[in-house]
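Asks: Residue numbers (our numbering), protein chains in the order written: chain X, 1 to 418; chain Y, 1 to 418; chain Z, 1 to 418; chain H, 1 to 418.
Don't take each hint at face value.
Because identical chains cannot be distinguished in the list, a pair is counted as satisfied if it fits within a single copy or across any two copies.
Claimed, not checked - Below, simulated DMTMM-like cross-link-like pairs (lysine to aspartate or glutamate); rule was C-alpha separation at most 25 Å, straight line:
(1) Lys80 with Asp90
(2) Lys322 with Glu135
(3) Lys322 with Asp29
(4) Lys406 with Glu111
(5) Lys325 with Glu25
(6) Lys80 with Asp381
(7) Lys128 with Glu88
(8) Lys402 with Glu390
(9) Lys78 with Glu249
(10) Lys406 with Glu204
(11) Lys228 with Glu204
(12) Lys78 with Asp280
(13) Lys382 with Glu414
(14) Lys413 with Glu204
(15) Lys339 with Asp29
(16) Lys78 with Asp388
(17) Lys402 with Glu204
(18) Lys78 with Glu25
(19) Lys322 with Glu32
(20) Lys261 with Asp308
(21) Lys353 with Glu249
(22) Lys413 with Asp29
(23) Lys10 with Asp381
(24) Lys325 with Asp351
(25) Lys376 with Glu204
(26) Lys78 with Asp90
(27) Lys10 with Glu187
(28) Lys270 with Asp280
Worth flagging that the hints you see were computed from the coordinates, not collected in a lab.
Protein chains: 4
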Amino acid sequence: MIQHQINKKKIINDPVLGFINLQSELIFDLIEHPYFQRLRRIRQLGLSYLVFPGANHSRFEHALGAVHLMRQAISVLKLKGHEITDDEADAVTAAILLHDIGHAPFSHVLENTLVKISHEQISLMMMKELNELFEGKLDLAIRIFTNNYKKQFLHQLVSGQLDMDRLDYLNRDSFFTGVAEGTIGVERIIKMLNVWNDQLVVDEKGIYSIEKFLISRRLMYWQVYLHKTVVSAESLLIQVLRRARQIAEAGENVYATPALKVFLSNTITKTDFEKSSTIDGATVLNWYATLDDSDISIALKVWQSHPDPVLSKLSQSLMNRKLFKINLSTTPFEPGLIKKINASIQSQITDNKQFASNFIMTGEITNKAYNKHNEKILVLDKSGKIKDMEQASDINLMALTKTVRKYYLCYPKELVVN
Amino acid sequence: MIQHQINKKKIINDPVLGFINLQSELIFDLIEHPYFQRLRRIRQLGLSYLVFPGANHSRFEHALGAVHLMRQAISVLKLKGHEITDDEADAVTAAILLHDIGHAPFSHVLENTLVKISHEQISLMMMKELNELFEGKLDLAIRIFTNNYKKQFLHQLVSGQLDMDRLDYLNRDSFFTGVAEGTIGVERIIKMLNVWNDQLVVDEKGIYSIEKFLISRRLMYWQVYLHKTVVSAESLLIQVLRRARQIAEAGENVYATPALKVFLSNTITKTDFEKSSTIDGATVLNWYATLDDSDISIALKVWQSHPDPVLSKLSQSLMNRKLFKINLSTTPFEPGLIKKINASIQSQITDNKQFASNFIMTGEITNKAYNKHNEKILVLDKSGKIKDMEQASDINLMALTKTVRKYYLCYPKELVVN
Amino acid sequence: MIQHQINKKKIINDPVLGFINLQSELIFDLIEHPYFQRLRRIRQLGLSYLVFPGANHSRFEHALGAVHLMRQAISVLKLKGHEITDDEADAVTAAILLHDIGHAPFSHVLENTLVKISHEQISLMMMKELNELFEGKLDLAIRIFTNNYKKQFLHQLVSGQLDMDRLDYLNRDSFFTGVAEGTIGVERIIKMLNVWNDQLVVDEKGIYSIEKFLISRRLMYWQVYLHKTVVSAESLLIQVLRRARQIAEAGENVYATPALKVFLSNTITKTDFEKSSTIDGATVLNWYATLDDSDISIALKVWQSHPDPVLSKLSQSLMNRKLFKINLSTTPFEPGLIKKINASIQSQITDNKQFASNFIMTGEITNKAYNKHNEKILVLDKSGKIKDMEQASDINLMALTKTVRKYYLCYPKELVVN
Amino acid sequence: MIQHQINKKKIINDPVLGFINLQSELIFDLIEHPYFQRLRRIRQLGLSYLVFPGANHSRFEHALGAVHLMRQAISVLKLKGHEITDDEADAVTAAILLHDIGHAPFSHVLENTLVKISHEQISLMMMKELNELFEGKLDLAIRIFTNNYKKQFLHQLVSGQLDMDRLDYLNRDSFFTGVAEGTIGVERIIKMLNVWNDQLVVDEKGIYSIEKFLISRRLMYWQVYLHKTVVSAESLLIQVLRRARQIAEAGENVYATPALKVFLSNTITKTDFEKSSTIDGATVLNWYATLDDSDISIALKVWQSHPDPVLSKLSQSLMNRKLFKINLSTTPFEPGLIKKINASIQSQITDNKQFASNFIMTGEITNKAYNKHNEKILVLDKSGKIKDMEQASDINLMALTKTVRKYYLCYPKELVVN
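The shape of chain X in the complex, shown without the other chains:
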């Protein structure tokens, strides 16, 4: 018996943070659940491994890392005299563990093509289902996650400018991509956290660490998350999936693993998730909960020899890493240019007029996705006064938080544009 309890508090080796101590039975049991185990099979950074060969780390590891940081943050805040009960500590830890549980494989890509619902909404659905299974033990975690609990700073630890999600992923992504410059002083930032007026704030001594955090985050956006080759690969994957769906909708045969078939052949909406309708003997949520990177990977491999020339060519490009050339611009591309490229594609790549548009992708990228929390970072000085980070720092940080928008245009590398 005792043996068993020890196991539930077991220690996990993490290359980034060292030993992670789970500490709680509830956390252990949540990790054991198939919903959470699925995260082992979803890469944190989607297709980025095509540019950064080391970036194979999973959402599973990241969630454990965020749990570890949360434990530290709780301990720091308690030492500074802020009350956090054991129940609240468990709840906020469970909330951070599960904050990403609803992610699809290649999340941004799939949310653009196959699933008409955000991963945040699915995360919440999964938490609620787990809460039933765990007989209400997640009540408080869900209230904190949805910002419906009186202590708002607990929610901010899960989702805010300085949440444990972000602190872990910036460091972790920096570690696995090998972009060492992205490293942030997580340990120090956590030591500088404080609570003022129920808001998560930063002690004044931590200003330079926060500046460095903001700069590192910016560096990671442009050097990793929005790396142009990664953007090109992702837009290619979107194109592939759209084409596969077109074919499926036209009633033609498209190979798919069972889970992928559900989302490829049906148009699934938020309502389908909610009303628990079943397809092939399982609810939509249950199907979703089995989707992982390998479903997409297998499909791409098989589609390379699909009779449809567009699907096969696009799949081959992605599988063999013959990615499309990508141009970036701060202004939208001229329709004239796009027309010209389209014409070149028709003469060089495919003579089918309808097919041509499949070989040219345009769109825009912004750092917004990584920057969703627009609230300010508040700084607490020694005298107990509060300042906005922008006032507290004597460099202009506005630029670091503003949304930058770039337009991209992709087409086959071998294309000669006349």
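Based on these hints, arrange chains Y, Z and H on the given structure of chain X.
Replies: Only chains Y, Z and H this time, still in chain X's reference frame:
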């Protein structure tokens, strides 16, 4: 044009080694080939990620790392006055790049179940095919790889007690598992390499580094490669694949991706590989060259709901990480004990007598696989005399190199053995 | 003989950079010279070790590190097609090795009290003396150091916004203080260096690394170099030395080691250095070349029991780390406040009116000392166009380079200011 | 007031261990005492910085590091159910903080020449004096330090095979010398500590970490602590100090700082320490408590121009790093060889027969000093049974713990031995 050449010499971020500079166009082109790209989708350590969540690194990264170390070793040896021509340097680098190209996903497991041929044999076949494609540019690499080239020390850099393969994987596996103690002083060991009488040897000053290397390797065997939970998971995967094969051979339906189906439904031998017979429109080697982790992953997911109670239960156990209990022993387990467990299984897990044996696994593990090179490590002293490492060190290193054999016995965790 | 040559190219272990390979006989011989060996006994960060216990690293290590980075920079620039002859490479390396050779112990402090000459001027004198000894082998190094060589970018590698001095010390000081956040991506910045129009510039891909470098530098200023406790300790040391000098000038006995006595009892000017006048049998420069941290350290220890109550009390404060309280302000302190403190000192610390002013220190600190190069950082884009870093980056970097001035006020901690 | 308490629990940056939290007011106050502050000015590794330029770290840092590890060890043992009261925790922490407080500068050297008493004895005397000052608060710490407390495992945490002293210094010395291979898995070893039958033991899972610890220690002996150039430098320093003492005893003038003069001009024994006799107005212990590296450093500098040709030449050799050639042998050197060298010295270095012996040094080094604890490492298996590490490990560890003795012979490098 110049732009293109620069790309071919591009720099890759590696979390373990920093910047890796490919330096050669041939190496770049080999990496681009689908045979090599496949390694991106095969985890270096198979199922170990179930125990070490960070161990998702791929054989692709490892091969690039070994290339990087090879460049350093070549440069050290040249500085010490040993002739290595540019052609030889390119060839030995190509040989290390491709040394693992024939690995199957979950290599040891598949070599025990689906494929009756070693990955070394397949690596050689693939190299030969690439050599044709590259019009003989790999001639010398193949001769070095197969130890048919006059300068034997070049072969030893690819495959020997201190080869670049081993130096890279020990460090890399230590890095990604988070078992920091496995770290070896790669940079220093390489600086201590020398050649004596056409043999790769170590300068005397490097003795303590070599001792530490041997101890780290040993630590990695028992703490990572032969970790009991990993052994349990792998034996479960073997069991699953065997059962799937039985069902397929009995003519019943078993879901499989196209590539996996080829190896599940046919008994493929070395001859089939060699005679280039085709199945479903592709050679056996070509089918093999598309197999990766996701084929196995998808099969396991789908088999969880297969009508066969054995296949479904075993697949569920593996997917949901309900791994079997494992006992280790230095002597074989008593047949009486196994009989008793078998009886318990029949009364508690399945009442089908025939099925019971599927839920009990026995076998042996040795450190041999990781220790295949039995040749000695030679030490060169300042006066130019050569010693065997065992003489040179004043601790007894015999034990570090001897084969240790352990017997294992696995059965379901929930089983009460009476 | 050969043995000897090998020694001259020997490899040095460096905790920050790994193995440092000296590569050149000239560099080796310069390091062997007592002028350079003296740097082993001068802490890079003066009194900072009173705040950061690990900051005992010496100017010796730093100079070797800068040599190592210079070798890398040369190799990168040559790969990018810029001509650097072997002689130029040796000269620029010698220049960086010797760039700090003229530093006094606790450099800024001594330049404010005992020595009326800058360390840069002394460095040049020492180089010239070494040049005679080495029979002109340093001619080119000196021309590069003094910016009198046609290839200006070589000078900028020694002294400029992105010189090897700065790249090494930022990283090294970050390493030894334990302020991990100060770490900069040296390897990457060096890879991004380029030359345009004879100016050292940065490739556009390196913009984010440069931003991070600027932020890290800023963080190091305020968190380390201008740490308030360090400023307090340094101003105390200035006060101690001034008092000792007063006593010596008054003809009273003040203990000093032979080298310190020279500078304590005489007013030495640049002219004294230049005209090679001798004191006690050695030139001023030669006396200077024997001064190190231990001369100051011994004096402080002995002065703790000096009959002068001011000297003894101040020395005790510094030795036992009873540092003075320090207030910082962005505006000068009110004369009224200073008067009040002075009065409190007279009633609480010493009743001697004249002595009181020794226990109150005011002054200003700026980040200027660390920021002397006002020239711009230039960025080279892919099309070969040059931009100023401030245009190239879309955050406002002006603030990062502007001089920040703070006023400080120190007085004994135990003082109650009424 | 509160402010003050917070200060006493302040956080210190440590490059090796990150943030060190002092946690206790007593520890803070002990650190503030001049006895402890002195350790800032004593290098942990004496003259090793002549070989490893980064090895300037002080005994001060090491003692803080050992405190940090002690806190972790206490917390691990308490979690495993072993009672350690708050008083015991404070006492064992104070004991490790002060365990090295009695070290002289260049400890082994001075114990061989100037001070006829071991540093352990002085540490105890200093602790007793501090205990009086702190009104008995160190009673329990002293009992633990001297192994006179009922819970023996507490003593073993301070001084034993796996004490916190050793765990910290192995890692720290590895860090600062840059001999990265010496790194041990401190965090893991501490997690594996346990108590059995009042003895500090290791959990069975930690066997491989212990093996690695033993090998790393061995590597550090031979690669750092007993590095031949370091041995040569230390024997030169012994020779210098002996000569200075001879001259002083002959009544001639030898420059010395006040503190050094006490020990150079008098023969101080343990009794002098104990009977509190005063010299020049201070007790012997108080004089000792002011000695640090700078006293030796200054003397060496000044002695370079001493009229005695032996003292000046030896001092010059050490200051300018013209170290003597050193030969090592596992058997004592032949008297004939020594005679021959002596003769060569008389003809080449000095024609004074009596002086010659000052230029030849012989002696022996052993790993004993670093290996004083001969008790076994005990291993606790899962079933609660205890084994000796040598049985538990299947490699032969005897060799790792045995005393290795090497003989050395040093003489001037320029000597031609005929």
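Asks: My question is about lysine 382 and glutamate 414: at a cut-off of 25 Å on alpha-carbon distance, are they close within one copy, between copies, both, or neither?
Replies: Between copies, since 21 Å is at most 25 Å while 61 Å is not.
Asks: Treating 25 Å as the Cα threshold, decide for lysine 376 and glutamate 204: within, between, both or neither.
Replies: within (15 Å within a copy, 31 Å between copies)
Asks: My question is about lysine 10 and aspartate 381: at a cut-off of 25 Å on alpha-carbon distance, are they close within one copy, between copies, both, or neither?
Replies: Intra 39 Å, inter 18 Å, cutoff 25 Å: inter-copy only.
Asks: Treating 25 Å as the Cα threshold, decide for lysine 413 and glutamate 204: within, between, both or neither.
Replies: between (51 Å within a copy, 23 Å between copies)
Asks: If the cut is 25 Å between Cα atoms, do lysine 322 and glutamate 135 qualify within a copy, between copies, both or neither?
Replies: Answer is between; shortest inter-copy Cα gap is 22 Å, intra-copy 50 Å.
Asks: Checking an output row: lysine 128 and glutamate 88, CA cutoff 25 Å. Within, between, both or neither?
Replies: Within one copy only: 18 Å inside, 48 Å across.
Asks: For lysine 10 and glutamate 187, with the copy left unspecified, which applies at a CA distance of at most 25 Å: within, between, both, or neither?
Replies: both (22 Å within a copy, 16 Å between copies)
Asks: How do lysine 78 and aspartate 90 come out at 25 Å by Cα distance, when the copy is not named: within, between, both, or neither?
Replies: both (14 Å within a copy, 22 Å between copies)
Asks: Under a CA distance limit of 25 Å, which applies to lysine 261 and aspartate 308: within one copy, between copies, both, or neither?
Replies: Cα proximity of lysine 261 and aspartate 308: in one copy and across copies (18 Å, 23 Å).
Asks: At most 25 Å between C-alpha atoms: does lysine 270 with aspartate 280 qualify within a copy, between copies, both, or neither?
Replies: Close inside one copy (18 Å), not across copies (41 Å); limit 25 Å.
Asks: Measure nothing new, just compare the shortest in-copy and cross-copy C-alpha distances for lysine 78 and glutamate 249 to 25 Å and report within, between, both or neither.
Replies: neither (56 Å within a copy, 58 Å between copies)
Asks: If the cutoff is 25 Å on CA atoms, where do lysine 80 and aspartate 90 land: within, between, both or neither? Let me know, please.
Replies: both (19 Å within a copy, 22 Å between copies)
Consistency with the previously given hints fails for numbers 9, 12, 15, ordered from lowest to highest.
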